[in-house]
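Colleague: As they're listed, the protein sequences go chains X, V, C and A.
FYI, in our numbering the residues of the first sequence are 23 to 335.
FYI, in our numbering the residues of the second sequence are 23 to 335.
FYI, in our numbering the residues of the third sequence are 23 to 335.
FYI, in our numbering the residues of the fourth sequence are 23 to 335.
If you're looking for bench data, these hints aren't it; they were derived computationally from the structure.
It is possible that part of the hints are untrue.
It does not matter which identical chain is meant; a pair holds if it fits inside one copy or across any two.
Said to hold, decoys possible - Within a straight-line C-alpha distance of at most 30 angstroms, the following computed DSSO-like cross-link-like pairs (lysine-lysine) qualify: (1) 121 / 235; (2) 82 / 306; (3) 193 / 207; (4) 207 / 266; (5) 82 / 180; (6) 280 / 180; (7) 52 / 280; (8) 207 / 280; (9) 266 / 180; (10) 121 / 207; (11) 235 / 306; (12) 180 / 52; (13) 280 / 121; (14) 82 / 305; (15) 121 / 326; (16) 82 / 235; (17) 121 / 193; (18) 121 / 305; (19) 193 / 235; (20) 266 / 121; (21) 180 / 121; (22) 266 / 82.
There are 4 protein chains.
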Amino acid sequence: MAGLFHKFKNNNDTGFGASATNQAERLINKDGTYNVTRTGVSFLNKFNSYHDLIALSWTKFNLLVFVTYLAMNIIFAFVYWFIGVEHLGGMIANTPFEKFMEAFFFSCQTFSTVGYGRINPQGYLTSAVASMESLIGLMSFALATGLIYGRFARPNIKLLKSENAIIAPYKDGKALMFRIVNARKNALIDLDVSLLVTFLNPDNRMMQFLPLKLERSTINSLALSWTIVHPIDEESPLFNFTQKDFEEIDLQLILSIKAFDESYSQTVHSRVGYVYNDILWGKKFVPMYERSEDGSTTLLHLEKLNEMVDAAI
Amino acid sequence: MAGLFHKFKNNNDTGFGASATNQAERLINKDGTYNVTRTGVSFLNKFNSYHDLIALSWTKFNLLVFVTYLAMNIIFAFVYWFIGVEHLGGMIANTPFEKFMEAFFFSCQTFSTVGYGRINPQGYLTSAVASMESLIGLMSFALATGLIYGRFARPNIKLLKSENAIIAPYKDGKALMFRIVNARKNALIDLDVSLLVTFLNPDNRMMQFLPLKLERSTINSLALSWTIVHPIDEESPLFNFTQKDFEEIDLQLILSIKAFDESYSQTVHSRVGYVYNDILWGKKFVPMYERSEDGSTTLLHLEKLNEMVDAAI
Amino acid sequence: MAGLFHKFKNNNDTGFGASATNQAERLINKDGTYNVTRTGVSFLNKFNSYHDLIALSWTKFNLLVFVTYLAMNIIFAFVYWFIGVEHLGGMIANTPFEKFMEAFFFSCQTFSTVGYGRINPQGYLTSAVASMESLIGLMSFALATGLIYGRFARPNIKLLKSENAIIAPYKDGKALMFRIVNARKNALIDLDVSLLVTFLNPDNRMMQFLPLKLERSTINSLALSWTIVHPIDEESPLFNFTQKDFEEIDLQLILSIKAFDESYSQTVHSRVGYVYNDILWGKKFVPMYERSEDGSTTLLHLEKLNEMVDAAI
Amino acid sequence: MAGLFHKFKNNNDTGFGASATNQAERLINKDGTYNVTRTGVSFLNKFNSYHDLIALSWTKFNLLVFVTYLAMNIIFAFVYWFIGVEHLGGMIANTPFEKFMEAFFFSCQTFSTVGYGRINPQGYLTSAVASMESLIGLMSFALATGLIYGRFARPNIKLLKSENAIIAPYKDGKALMFRIVNARKNALIDLDVSLLVTFLNPDNRMMQFLPLKLERSTINSLALSWTIVHPIDEESPLFNFTQKDFEEIDLQLILSIKAFDESYSQTVHSRVGYVYNDILWGKKFVPMYERSEDGSTTLLHLEKLNEMVDAAI
């Protein structure tokens with residue numbers, strides 16, 4: 023087995039280091055992100071990233087908006103309270119708590135610029151704070167508008183990849199296969215995939231990176247599903263390797279997909295990492311699409327992406 | 023006829039499957055979308071697509087905005103009603119129905135942040151709901167702003183393609199021709215077209231995909247109209263085919279156009295599918311442009327795109 | 023002279039037609055747009071173009087916003103008037119005209135969602151119209167926000183080109199020269215220019231298009247000014263042509279510039295057309311940049327773009 | 023030393039001039055901008071640049087918003103004052119100063135569309151000005167929204183480059199090295215760097231530009247740090263040069279980095295200039311990343327970017 027490690031030219035242009043002891047065991051997470059943690063970044067720098075905000079789920083984003091709104095209004099309610107609620111005209115509250123609540127609701131009405139006006143500012147300081155609060159409110163909503171559009175505008179292809187890579191029968195031998203499908207209706211064209219294998223060379227404990235040749239690495243458009251195939255023939259670095267070998271050399275696969283998204287007119291990239299125990303041996307994929315009964319359309323069953331049957335290899 | 027099917031190398035890089043029985047009869051719709059229906063997508067996933075919203079017609083989009091506004095205000099009117107309309111100050115209504123209507127209009131004034139203030143919230147719960155409603159209103163309009171800009175920003179070239187492909191006389195023989203024109207003023211440059219034919223091989227009932235060579239496949243800019251020409255000479259897979267043959271082998275044409283839109287600084291793609299009965303035999307296109315009477319400009323008659331005359335082939 | 027017309031291969035990939043009689047005398051306007059007028063476009067299609075709106079000058083855009091605001095409020099004032107101004111509470115007006123004006127200002131306050139509330143809607147119909155107006159107001163401002171951002175986001179390089187092309191001395195002979203400079207601070211990189219000459223072949227009255235070879239057609243970045251040079255040597259189609267010849271054959275030059283704008287991360291294109299009388303013979307450009315007195319920076323004098331001196335050729 | 027200047031072909035495609043006396047001593051600033059000052063640009067043209075506004079720090083941007091808000095309201099307060107504050111209803115002020123302040127706060131409430139309504143316009147002129155002010159207010163916030171989104175949407179990779187270039191031991195000789203690292207989490211792929219050296223040819227006082235060959239000029243992705251290496255071997259123009267030579271010939275290095283930012287789906291560029299005294303001799307970089315203690319991730323220490331140790335060369 024060991025002899026094979028030197029048969030192929032190492033690909034160093036990967037952006038990963040070659041020293042295995044300096045890196046985590048998993049290079050690429052299942053969701054395609056790098057398994058890297060940055061240190062030495064200030065908290066603010068970490069936090070105020072526009073990207074983090076637009077990458078939040080809608081639930082969390084809405085919650086964040088709500089909490090910010092609540093917090094801002096509580097703060098301003100206290101400000102009005104300390105200035106003196108007697109500078110707010112039109113109040114009907116009697117107790118201090120009721121007055122605080124009126125100040126809070128006045129703040130809400132100011133921040134959101136709804137400004138009913140029953141409660142209204144009368145002293146200089148209260149009026150000035152209210153003017154400032156409505157400015158802050160408007161700028162906050164301008165910011166929220168920017169974030170919401172940012173959430174919309176980021177290219178979010180939903181390229182589903184099979185949970186597992188499989189070793190399936192192929193011609194007279196076997197092949198490593200993946201399957202991808204576009205979950206959205208928007209057209210993906212000019213697809214280009216590349217596959218990289220990385221493993222630990224037991225001789226020198228260095229990581230090796232090798233590109234794996236694909237039966238076909240580009241297609242014009244992803245209209246249906248696409249099964250990506252690396253034939254494990256004599257030219258393949260994986261030839262003669264067994265399932266146990268894969269585990270021993272800590273084999274990982276990095277599949278990179280590049281496509282042009284017509285809806286956004288943007289080139290989009292997607293990446294997925296598989297480690298040795300994500301690879302199933304002796305399986306084959308079940309077709310995902312069929313002609314509809316009336317023949318008028320082709321049905322693409324997204325739920326069948328990971329459907330496979332046993333197949334002797 | 024059948025002998026021709028094997029003369030040309032099949033092009034498998036199309037993203038369509040080769041099995042004819044698994045696919046709909048028409049691969050590409052006339053508007054360029056794939057004739058594919060996805061199943062296994064949850065309703066929410068299907069619905070909340072930003073793309074669906076920005077692809078709506080303006081009429082439908084405005085209707086959706088109006089209906090949402092109406093629905094939200096009816097819901098909030100009921101909320102204020104259940105809390106108790108007595109917590110809304112400034113009402114002039116007497117009957118329960120009148121009071122409900124005042125609650126509804128108060129909701130409108132809150133949701134849109136117009137907040138006249140004649141009707142104004144007084145109880146804690148009513149005030150809190152109103153504060154929440156104005157937040158929801160603002161976020162809804164932030165969302166609408168995002169959608170409206172999204173509608174603007176999507177590259178929407180209006181590349182008109184002739185309704186029919188034609189078989190026209192060309193040099194000593196004949197050629198398959200299409201005509202395209204840019205309906206908008208914005209400059210389209212670096213145009214690149216490719217033409218694919220697909221038909222059913224009667225021998226094995228498999229679909230074959232072949233690229234068709236074009237007389238010219240790129241132009242610098244689409245200033246006027248462009249007639250795309252595939253000469254049907256001895257090198258063409260369509261040589262010797264008759265109109266009846268086209269129907270028998272279920273011939274389809276897929277014309278793909280790629281261009282750079284200067285206004286958006288984006289590469290845009292357009293696609294159109296023609297089936298055999300979209301192909302007219304023995305026609306030729308009438309010129310679409312002419313010098314204006316005073317010679318100062320060139321007139322491009324968009325309405326003449328599909329104008330053609332009979333021509334013996 | 024005529025013999026030269028057939029010496030060079032005609033370039034047909036220009037997107038213009040070859041028939042001179044079908045086209046205007048000037049193909050490209052001085053501002054780079056095509057001299058083409060489209061007919062057969064419906065008025066609405068012509069008008070509602072987002073591009074027209076974002077290409078308006080700021081003055082016209084603001085005027086359009088103001089006029090729209092005024093018109094909408096006049097319309098709504100009439101609506102409130104016809105429903106009956108008695109349904110607007112809080113009025114202090116006495117005469118019908120004063121009442122109409124109050125209705126108008128109420129409309130303004132509703133459309134802009136400022137909603138002071140002194141004047142406020144009381145009847146069902148008036149309240150409903152006011153609710154609708156505030157929705158329309160908000161959507162209008164959402165639209166304005168989209169347009170304003172659209173105006174910002176369009177790549178607007180300000181690449182200044184010399185008013186004239188010149189025929190200047192160059193090495194042992196002469197050359198056709200242009201000069202360009204970036205008026206903005208944003209970095210333009212990877213510039214790529216191409217030059218096309220078009221003239222009327224007197225033999226067959228057809229237009230010929232020929233690319234002209236440039237001394238250098240790409241530069242890494244446009245830090246200073248760039249003089250684009252086409253040497254008029256024996257290889258040039260313009261060799262031996264006189265100024266009079268240029269006029270006789272109706273010579274036009276089309277200079278296309280492609281660059282990558284770092285600030286927008288977008289590829290931008292610019293085009294300029296010169297006709298024969300835009301070409302000055304026997305001139306040369308004066309340098310546009312110099313070291314500042316203290317040597318700390320390079321001064322680039324934009325106002326010197328068209329400065330030239332006589333030079334014997 | 024001088025003989026070396028003619029051994030290598032000068033690279034003129036740089037966009038800089040060749041005349042040393044016409045240019046500043048430093049071509050590229052440390053932050054990657056060109057050391058060029060434009061003259062002949064009108065003040066307005068200089069100022070109203072959208073780019074300047076989105077390139078402001080958030081602190082300055084917010085300050086600008088606040089100052090504009092204040093200034094607008096002071097102006098409108100004077101307008102209401104000159105029209106006559108008696109046309110503002112609902113005032114509780116007595117002294118002229120108090121009245122001016124009420125006018126000012128009324129302006130704030132109008133500009134921000136909060137419109138409480140206690141103070142409300144009653145005369146024609148005051149009502150008209152208030153209507154206009156609310157329009158201006160809304161358009162200002164539309165503009166602010168556009169600017170805020172513009173600030174978000176500009177590709178802002180934070181590619182950290184080492185403060186210094188170093189001359190480090192490399193194989194049997196030495197090499198010029200730089201180190202870069204991505205401070206953000208977003209994936210940068212398809213990186214492409216190029217290095218240019220420029221120096222003053224003492225023979226003719228002209229600037230020469232030469233590309234320097236890199237050990238590796240592209241990597242697939244910047245997952246960790248990347249040390250860019252120019253080996254100073256016999257093929258290098260810098261071979262045999264000493265630290266003193268660098269100073270004498272006024273050597274400058276221009277490192278250009280191109281990458282594809284996955285989060286923005288945009289190609290981004292970065293540039294950095296080093297002059298001779300930014301180059302440290304006899305140093306080497308300390309590794310920046312290590313496996314975390316539990317082996318689950320790779321720690322990338324951004325704060326170690328400029329950490330180096332002495333190394334004999």
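Colleague: Taking the hints in turn, state whether each one holds.
Modeller: Taking the hints in turn, this is what the structure says about them:
1. 121 / 235: So residue 121 and residue 235 fail the 30 angstroms test inside a copy (74 angstroms) and across (74 angstroms) alike.
2. 82 / 306: Neither: 39 angstroms inside a chain and 45 angstroms across chains, both beyond 30 angstroms.
3. 193 / 207: Intra 33 angstroms, inter 42 angstroms, cutoff 30 angstroms: neither.
4. 207 / 266: neither (41 angstroms within a copy, 34 angstroms between copies)
5. 82 / 180: both (20 angstroms within a copy, 26 angstroms between copies)
6. 280 / 180: Classified as both; 13 angstroms inside a copy, 23 angstroms across copies.
7. 52 / 280: both (17 angstroms within a copy, 27 angstroms between copies)
8. 207 / 280: both (17 angstroms within a copy, 20 angstroms between copies)
9. 266 / 180: neither (33 angstroms within a copy, 42 angstroms between copies)
10. 121 / 207: Result: close neither inside a copy nor across copies, 55 angstroms intra and 47 angstroms inter.
11. 235 / 306: within (20 angstroms within a copy, 37 angstroms between copies)
12. 180 / 52: both (15 angstroms within a copy, 25 angstroms between copies)
13. 280 / 121: Neither: 60 angstroms inside a chain and 59 angstroms across chains, both beyond 30 angstroms.
14. 82 / 305: neither (39 angstroms within a copy, 48 angstroms between copies)
15. 121 / 326: Answer is neither; intra-copy 61 angstroms and inter-copy 55 angstroms both fail.
16. 82 / 235: neither (42 angstroms within a copy, 49 angstroms between copies)
17. 121 / 193: neither (81 angstroms within a copy, 77 angstroms between copies)
18. 121 / 305: Neither way: residue 121 and residue 305 sit 71 angstroms apart in one copy and 68 angstroms across, limit 30 angstroms.
19. 193 / 235: Cα proximity of residue 193 and residue 235: one copy only (16 angstroms, versus 32 angstroms across).
20. 266 / 121: Neither. Shortest intra-copy (73 angstroms) and inter-copy (76 angstroms) distances fail the 30 angstroms Cα cut-off.
21. 180 / 121: neither (51 angstroms within a copy, 49 angstroms between copies)
22. 266 / 82: Neither, since 43 angstroms and 59 angstroms both go past 30 angstroms.
Of the numbered hints given earlier, the model fails hints 1, 2, 3, 4, 9, 10, 13, 14, 15, 16, 17, 18, 20, 21 and 22; all others are met.
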